[in-house]
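Trainee: Both chains are given apart, each in its own frame, so use the hints to dock them into the complex.
So the chains spell out like this:
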Amino acid sequence: MDLSQASALAFYILSTLFANSFVIIFVITVVLAALDFWVVKNVSGRILVGLRWWNEINEQGESIWRFECLDQESLARINQKDSMLFWWTLYLNAVAWGIFGIFSMVRLEVDYLLVVAVCFSLAIANIIGFTKCRKDARNKIQAFASRTIASRFSSTLQSAFSLV
Amino acid sequence: MSNSHSDTILLHPSSQSDIDEIENLIHASVQSCPTTVLPARPSSPPRASIPISSSPFIQSNIPPPPPLSSSTVRSAPAVPPPPPPVSNSGSLAATGFGSSPNTLTEPVLDTVKRDLSRIVSNLKLVVFPNPFREDPGKALRDWDLWGPFFFIVFLGLTLSWSASAKKSEVFAVAFALLAAGAVILTLNVLLLGGHIIFFQSLSLLGYCLFPLDVGALICMMEGNVILKMIVVCVTLAWSSWAAYPFMSTAVNPSRKALALYPVFLMYVSVGFLIIAID
Numbered sequence: 001m002d003l004s005q006a007s008a009l010a011f012y013i014l015s016t017l018f019a020n021s022f023v024i025i026f027v028i029t030v031v032l033a034a035l036d037f038w039v040v041k042n043v044s045g046r047i048l049v050g051l052r053w054w055n056e057i058n059e060q061g062e063s064i065w066r067f068e069c070l071d072q073e074s075l076a077r078i079n080q081k082d083s084m085l086f087w088w089t090l091y092l093n094a095v096a097w098g099i100f101g102i103f104s105m106v107r108l109e110v111d112y113l114l115v116v117a118v119c120f121s122l123a124i125a126n127i128i129g130f131t132k133c134r135k136d137a138r139n140k141i142q143a144f145a146s147r148t149i150a151s152r153f154s155s156t157l158q159s160a161f162s163l164v
Numbered sequence: 001m002s003n004s005h006s007d008t009i010l011l012h013p014s015s016q017s018d019i020d021e022i023e024n025l026i027h028a029s030v031q032s033c034p035t036t037v038l039p040a041r042p043s044s045p046p047r048a049s050i051p052i053s054s055s056p057f058i059q060s061n062i063p064p065p066p067p068l069s070s071s072t073v074r075s076a077p078a079v080p081p082p083p084p085p086v087s088n089s090g091s092l093a094a095t096g097f098g099s100s101p102n103t104l105t106e107p108v109l110d111t112v113k114r115d116l117s118r119i120v121s122n123l124k125l126v127v128f129p130n131p132f133r134e135d136p137g138k139a140l141r142d143w144d145l146w147g148p149f150f151f152i153v154f155l156g157l158t159l160s161w162s163a164s165a166k167k168s169e170v171f172a173v174a175f176a177l178l179a180a181g182a183v184i185l186t187l188n189v190l191l192l193g194g195h196i197i198f199f200q201s202l203s204l205l206g207y208c209l210f211p212l213d214v215g216a217l218i219c220m221m222e223g224n225v226i227l228k229m230i231v232v233c234v235t236l237a238w239s240s241w242a243a244y245p246f247m248s249t250a251v252n253p254s255r256k257a258l259a260l261y262p263v264f265l266m267y268v269s270v271g272f273l274i275i276a277i278d
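In order, the protein sequence lines correspond to chains A and B.
Here the first sequence stands for residues 1 to 164, numbered as in the UniProt record's numbering.
Here the second sequence stands for residues 1 to 278, numbered as in the UniProt record's numbering.
Calculated directly from the structure, the hints in this document are not laboratory data.
Misleading hints may appear alongside valid ones.
To be verified - Output of the computed footprint for chain B on chain A, the stretches with three or more beta carbons under 8 Å from beta carbons of chain B:
1. 22-32
2. 44-57
As the list claims (entries may be wrong) - Once the Cα atoms are required to be at most 30 Å apart in a straight line, the calculated DSS-like pairs of lysine-lysine come out as:
3. K132/A <-> K41/A
4. K41/A <-> K81/A
5. K132/A <-> K113/B
6. K41/A <-> K167/B
7. K41/A <-> K113/B
8. K135/A <-> K81/A
9. K140/A <-> K41/A
10. K124/B <-> K113/B
Said to hold, decoys possible - Taking beta-carbon pairs under 8 Å as the criterion, some of the chain A residues facing chain B (in silico):
11. S63
12. D111
13. L114
Heads up, the beta-carbon is just placed ideally off N, CA and C, and yes, glycines get one too.
Isolated chain B, as found in the complex (with noise of 0.2 Å):
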């Protein structure tokens, strides 16, 4: 419906529909409420930026609406996106949506950047050795479950890749057990009392998987069943230690034992996995 987008707000009875004058009243507190809390953002960028085709999607030049304030976190205040064409489906390199700090509208390449930081201070946070780490209980609030799907990829294929004969299986056997321990490990803590976010902790355990990784990835490539031995165990000491400040911050303390045990045990069954692989 095309609308008046005066500032002048009619408050009396007048012949507009209801709907209008809500229109008039949301355009009216947008522009009387005090400026916004965010920062000054420079003007999205000219729309010929876009890589157009001959699209049938593309607007004409819509002025941007001036944000609502964003008081409460859920209310989402945006520079309407200019729809892309359909054909830049698997391009993830837009980068004409406009600057706005909201993250509904930033450039999908601000959005991988984002989410392969968190895989990367995820691993950190969990895996490596860090006395300034601040309570482990609250760690990993970022969780993501990528990191963990790499992981269980990579360790399945790597095990597949050094089986000499019934590969898939392998594969299957692997995948299906680190998810399936995953999920199982989860309910344990949760069905002990533990406080902990199921998404949480699966992500958890699959970031505990990267020793695991580099143990198998290295007796790969070596055939010495001794050397892989030592490498096992000192991979499998690593991941248990990672693991065991989160288990242990979840649940009771006289329930720690009952919460850690299964996962040093799936921990020692993969480890059995990679030392028997020929």
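So that you can see chain A by itself, here it is in the shape it has in the complex (with noise of 0.2 Å):
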């Protein structure tokens, strides 16, 4: 997962070592950001940390944000270090492509610009549908726990009833 950030990133930088043209430039990394993004949606995603997002339309024409989180004895055996390394390196990748913009842009290089721009929102997309992925989870599991509290005390409630 940050190997595919990294050559992008990587492929952006030494740019001028493997090809004279910008179209080559901009078409392979443009490809390897929007692969790096499909990889850290469907793949990283599931395995580091258990989470996974995507958008329907439903019947009457609204778009659903959909959420999947495994359940809470899966999340809790999640590696800890495992989570940091993934919300790190989707920061981290967000936050180069931001500096690598701001370059382009003191140096008026609009062609360059246009690249970064891309991938800075794709991994600002990928950021955005993590955070409310996983938002949504702790809801849930909040929402379940509370749930099952609520039936232990009516439980706790009818058996001391009956025993009276």
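Mentor: Right, dumping it as structure tokens:
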């Protein structure tokens, strides 16, 4: 996962070593960034933090964001280091593209600004999606826990009254 | 924390901590709920089938817990995926995740196949004549942006190849024009009071570029100007015809022309780009 993100960044930085033409640089960087977006969203997100998000349009034509997360025990079993690695590389990726964007703005290279804008928006999209997904997962767990507390409370009351 | 996954439920106050009690209740409710709606799935393949290097991430064989009932769409019963080695990042052939129908733990190849088939079906839905097509306003519900991405890049590449000079500017102009044009057209529809989702319309406009892609490819190989004009006219008409149903059902009938004219204009300008490249 960070390999794919690093490859997009590295290709962008070292692009002059590889190709003379801007077109090839653009296409390969954007293709790498898009592949990385897909890998992070579908593979790394599932494996490292057990989260997945996508968007659907229902019968009425409204767009719904769907989130999936592993159940609580699997979530508890997720390696803490994996999760930190995932989130940190996600943020660092966006920050790196942001810095490149500032550089190309300063140098007034509009062509490269286009590349950076595309990669930056892909990074931001992933961040937003996964943050929403994590919040949703926490809400679900809390709701489930409070439901079980409530049901346990009511069953305790029932057993107490039955004993009386 | 080590929990006893026993079946006995302790309802009277015990010396267990609260979290332990909640976890016991979760197991109890899990085991007492009726059999889930998931079809019988084969057990996950043995862990040894995952290509392993000396990786520190492989856990011991933990038996999968029974899945929660999948009553709501948003809950996700899951077999915990065995974490593959991180060195596997590039390969898309990891198939050792178990074959639960839940998308969270499906094998990666399945995800790839699903996305690819979605692109193909969207393309067929949008671009090709289909008398059995359901209400076009509701079609393209499974929007995705991969198809439009490929088509825009392909069109830019084709235009750039055909150009004899200033190749990179041609590419950048084509890409920016198509991307910004799609965004502006979508905003146009939304501002006219239309009912369309932003990404759905972006995806639609991207898929409708497919005929122009074909036209640009043909024009790249042909040199005759008259032939190029004919090809471009035909593909332009095809693109506009493909975009028409979706755009027109999205807005008020009185504002149909206002929504459709800019789309047509954009495709005409792309057509001119194709003809004018030498």
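Trainee: Against the 30 Å threshold, does the CA-CA distance of K132/A and K41/A hold or violate the hint?
Mentor: holds (13 Å)
Trainee: Is the straight-line distance between the alpha-carbon of K132/A and that of K113/B 30 Å or less?
Mentor: Holds. K132/A to K113/B sits at ~26 Å (cutoff 30 Å).
Trainee: Mind checking the alpha carbons of K140/A and K41/A for me, to see if they're no more than 30 Å apart?
Mentor: holds (21 Å)
Trainee: Hint validation: L114/A versus chain B, beta carbon distance must be below 8 Å. Holds or violated?
Mentor: Holds - the Cβ of L114/A comes within 8 Å of chain B, reaching about 6 Å at its closest.
Trainee: Does D111/A hold up as a contact with chain B if the rule is Cβ-Cβ below 8 Å?
Mentor: holds (5 Å)
Trainee: Double-check S63/A for me: the hint is only fine if its C-beta lies closer than 8 Å to a C-beta in chain B.
Mentor: holds (5 Å)
Trainee: Are three or more residues of the stretch 44-57 of chain A within 8 Å, CB to CB, of chain B?
Mentor: holds (count 9)
Trainee: Starting from K135/A, check that the Cα of K81/A is at most 30 Å away, please.
Mentor: Holds: K135/A and K81/A sit about 19 Å apart, inside 30 Å.
Trainee: Next pair to validate is K41/A with K81/A; report whether the Cα-Cα distance is within 30 Å.
Mentor: holds (19 Å)
Trainee: Given the hint that K41/A pairs with K113/B, does the C-alpha gap stay at or below 30 Å?
Mentor: At roughly 15 Å apart (the allowed maximum being 30 Å), K113/B and K41/A satisfy the hint.
Trainee: Please count how many residues of the stretch 22-32 of chain A have a CB within 8 Å of a CB from chain B and say whether that reaches 3.
Mentor: n = 6 at 8 Å, threshold three: holds.
Trainee: Verify the proposed pairing of K124/B with K113/B, using a straight-line Cα cut of 30 Å.
Mentor: holds (17 Å)
Hint 6 from the earlier list is the only one contradicted by this structure; the remaining hints agree with it.
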